[in-house]
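Trainee: Spelled out from the first residue to the last, the chains are:
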Amino acid sequence: MGSRARAFPSAPAVLLGFLLAAAAAAADVADPAARTRVETLPNGLTALLVEDRNTPVVSFQVWVRVGSKDESRYTGLAHLFEHMMFRGTKRLPPERHGQLIQARGGRVNAYTTRDVTVYFEDVTAETLPLVIDLEAERFANLRVTEETLASEREVVLEERRLRTETRPEGQAFEALLALAFQSHPYRWPVIGWRSDVEAVSVEACRDFFRTYYAPDNLVLVVVGDFEAEPALARIRRRFGALEAASAIPRNPTREPEQRGERQATVQFEARAPILAAAWHAPPAGHADAEALDVASQILSAGRSSRLYRRLVYEERQALAAHGAYWELQQAGLFYAWADVRPDASLERAESLLFGEIARLREQPVAPEELARAKRQLEVALLAGLERTSSLASRIGSDWVLLGRIRPLEERLAAYRRVSAEDVQRVARAYLQDARRSVIRVVAPAGAVAPP
Amino acid sequence: MRALQEAAALGAVALLAAACAWLEPAPAWERPPPPVREGPVVPGERLYRTTLPNGLQVLVLEDRRLPRLRLGLVVPRGAGVEERERAGLASLTADLMERGAGERDALALARAVDDLGADLAVSAGWDSTRVLLSGLSEDRDALLGLLVDVVRRPRFEAPEAERARSERLAALERAKDDPGTLAGWAFLRALYPDHRYGLPLEGTSETVAGLDAPAVRAFHAQAFGARDAILFAVGDVGRAEIEAFARAALGDWPSGDLSRLTPEPPAPAPPERRVVIVDRPDLNQAQIVIGHEGMARSDPERVAAGLMNDVLGGSGFLSRLMVRVRSGEGLTYAVGSGFSLRRQPGPFTVGTFTRVPETRKVVDLVLAELVRMQQEPPSPAELETAKSYAAGSFALELETAAAIAGSLVDLEVYGLPPDALDTYRSRVRAVGPDDVARAARTRLHPQRAAIVVVGPAQALRPQLADLGPVQVVQP
Chain A
-12 MGSRARAFPS APAVLLGFLL AAAAAAADVA DPAARTRVET LPNGLTALLV EDRNTPVVSF
48 QVWVRVGSKD ESRYTGLAHL FEHMMFRGTK RLPPERHGQL IQARGGRVNA YTTRDVTVYF
108 EDVTAETLPL VIDLEAERFA NLRVTEETLA SEREVVLEER RLRTETRPEG QAFEALLALA
168 FQSHPYRWPV IGWRSDVEAV SVEACRDFFR TYYAPDNLVL VVVGDFEAEP ALARIRRRFG
228 ALEAASAIPR NPTREPEQRG ERQATVQFEA RAPILAAAWH APPAGHADAE ALDVASQILS
288 AGRSSRLYRR LVYEERQALA AHGAYWELQQ AGLFYAWADV RPDASLERAE SLLFGEIARL
348 REQPVAPEEL ARAKRQLEVA LLAGLERTSS LASRIGSDWV LLGRIRPLEE RLAAYRRVSA
408 EDVQRVARAY LQDARRSVIR VVAPAGAVAP P
Chain B
59 MRALQEAAAL GAVALLAAAC AWLEPAPAWE RPPPPVREGP VVPGERLYRT TLPNGLQVLV
119 LEDRRLPRLR LGLVVPRGAG VEERERAGLA SLTADLMERG AGERDALALA RAVDDLGADL
179 AVSAGWDSTR VLLSGLSEDR DALLGLLVDV VRRPRFEAPE AERARSERLA ALERAKDDPG
239 TLAGWAFLRA LYPDHRYGLP LEGTSETVAG LDAPAVRAFH AQAFGARDAI LFAVGDVGRA
299 EIEAFARAAL GDWPSGDLSR LTPEPPAPAP PERRVVIVDR PDLNQAQIVI GHEGMARSDP
359 ERVAAGLMND VLGGSGFLSR LMVRVRSGEG LTYAVGSGFS LRRQPGPFTV GTFTRVPETR
419 KVVDLVLAEL VRMQQEPPSP AELETAKSYA AGSFALELET AAAIAGSLVD LEVYGLPPDA
479 LDTYRSRVRA VGPDDVARAA RTRLHPQRAA IVVVGPAQAL RPQLADLGPV QVVQP
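First to last, the sequence lines map onto chains A and B. If you're matching positions, the first sequence starts at -12 in our numbering and goes up one per residue. If you're matching positions, the second sequence starts at 59 in our numbering and goes up one per residue.
There may be inaccurate statements among the hints.
To give a feel for the contact side, a few chain B residues facing chain A, derived at Cβ under 7 Å [claimed, not checked]: (1) Asp172; (2) Pro237; (3) Asp340; (4) Arg384; (5) Gly388; (6) Thr443; (7) Leu454.
Don't read these hints as lab results, they were simulated from the structure. We put the beta carbon where it would ideally sit given N, CA and C, even for glycine.
If we strip away everything but chain A, and leave its shape as in the complex, we get:
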């Protein structure tokens, strides 16, 4: 549907508080994820269920363990295929899946990332049986034709023009990943290179479906206002006949160590230049993740954060500036970003931004900054419990990326342990000048009249 090749991950909503009071506040909260019921069908499909009758909504998500990193011949296939999942089955015409759910007021959509493809519905309880039946139908009986592929290919190319080809931030992001990763499949965009999207065939879609959309490659997550027993019975009935895959191929390529800074310039009609940088960082689940998250907060969260104060407030070089740890399944990145003001100097913004990164390496962060960061992360963690959809996303993501659901208390404890020395240590380990990749998006000379 409005399928998203996620432009940028939202700021990592993570972490926790060192202040005793803060720790107490979160500790009082029962983590609904701790009640997750795990069921595995004989064909390998996993279902994760959490009943929560305090909300009027039930969220249903199907996590498919395939993302753009698994593509071989055609980049963008995982995302284009996600679109094709809405384009009809043996029993249902194109778009009927979404229409049937929307006709009852439900939300229905999907997104593709470098690691996963996620289909989701938020509905009221009486619509859950319909959702289960519709999801099972397309996993069992998807129909991909020349005609539907031809029209959906154009839809995806419009999405690519919208997000990447007509916007400087899309240009910057695409170029940054292609520069930071020279070998790993994370280097290509989720939405794919234009030439590949133009070339994807029906046969490639069918192969992709057979290979990756097998039940043992799926995780269902159901959270909210529903009864687990009948839902599970229905899931068994509808998904139980799907045949497990024999083997699911994965790309073997990993990123070699980066030796030396990389830089590239993108010329684009932009009044405001963009500066984007990235450093290689550990993958999801690594022991340094919490310290990197704290560093992200100190750089980026709120008007008292270092990058806002220096680049936006004091020196007036940027309209926004942030830096954050982004964890992926096989590798992570720490990125830093500045929307440079049209009336400012990109060189000046760059020296300020990298000066703040250097400061993280050179000096321990102040105790009040550390406490503030942890507090902010605790509040964010609690906010993630407010909606069934965000709780379901946390459960699905943890299961797929880490193989388990991290309890709230575990995350609180991990954040509580982060010290100023840890923040400095990870900054020194990962945020070295010689290991960064830098993209500058600037207007071609003389292209845009100055204001």
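Please build the complex by placing chain B on the supplied structure of chain A, with the hints as guidance.
Mentor: Relative to chain A, chain B alone:
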């Protein structure tokens, strides 16, 4: 005998079919939808409202599930009451309210908020200005203190005003890098050439350049006052604490000079169809906005018109525009339509985008769907689907207590009945085919739509030349 055998065979087949159906029941989409549970929207037992002698309304919605607290103070005045030459004043005022209040300068205020892990956001809309502050409920007193400081004692220091204005000017310049923003701005200008609604909410480079601390201070004095302000609290908090706090900290808040309450009604839009091209020679995709004047938030026909719009372009993949332009033709990734409901009639718009060579085709499809909505108004089945969509998505949008409180405050801002959330679904059900047909006739005006396209003028102009007078403007 033979007939009997046949009957028996048929019976066996029927039995077999029944058995199969029992083993593998028909999919849910082949059966009629189950009845929808429809409880009250607003949990009355957890809602508390009162009004202080100075006019301040207090609204508390308890929700003890998480130790969180959201506070807000809303006044029903925003950019809509600005003079056109001072467009952006409400927005700049809101920005400056975050930059120092009470004893704290900008940095001290930022630290106080961030130390709590809280979020402070002050924003101006067309018809209201909102101060929102959220954090942990154990920080209730600190949060309430900060809220009142920001509302009553913003510092509005001249250097901060200069800094904020400079940022705004830079942001307005940067916004031109976004083709969709350019399309929206050019559309407003085409629709309301002389009215405040014709300029962006944030103002323009010309209007913002003239704003300063004294102007902001004067606007704040005029816009903020107890008489029609609403204080709300949602989350892990009791009504008694909030009411006691309101009386102590806001009971002496003056009602305020609220003489300029209502924005001027806009003049009638130009009666001809016309085309504006914002020239961006570098783009390979055209951003398209097509529309005309719409209706006010309080318009008595808004529910029927809203359902008509759902059928047209407001209900995602159910709507005629999406089915035609995306699903059928693959010409876009998204297309939608809607009424911008404000105190005075805001615009009705259809927004979409497509590859440059297909621009004319998409414009024609959109105009044709507007005409078709008038000639073939929603069928009974389409109307039923739209109603089910509207009622169902309404319930889903109100998943959280914060969303319910926000909607209740919105009713106050527009002077709508306080039970409007609870009556919404029955008002939707009461709409008949004639109501939506009338809405289509009286609320859609394809013949005099403004058509705004952002993209390369050289390629676009020949495509659009016969739709009406064409004006090419620079970003």
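Trainee: Evaluate each hint against the coordinates.
Mentor: To see whether the hints hold, each was checked on the structure:
no. : hint   : result
1   : Asp172 : holds (4 Å)
2   : Pro237 : holds (5 Å)
3   : Asp340 : holds (4 Å)
4   : Arg384 : holds (6 Å)
5   : Gly388 : holds (3 Å)
6   : Thr443 : holds (5 Å)
7   : Leu454 : holds (6 Å)
Comparing the model with each earlier hint shows no violations; every hint is respected.
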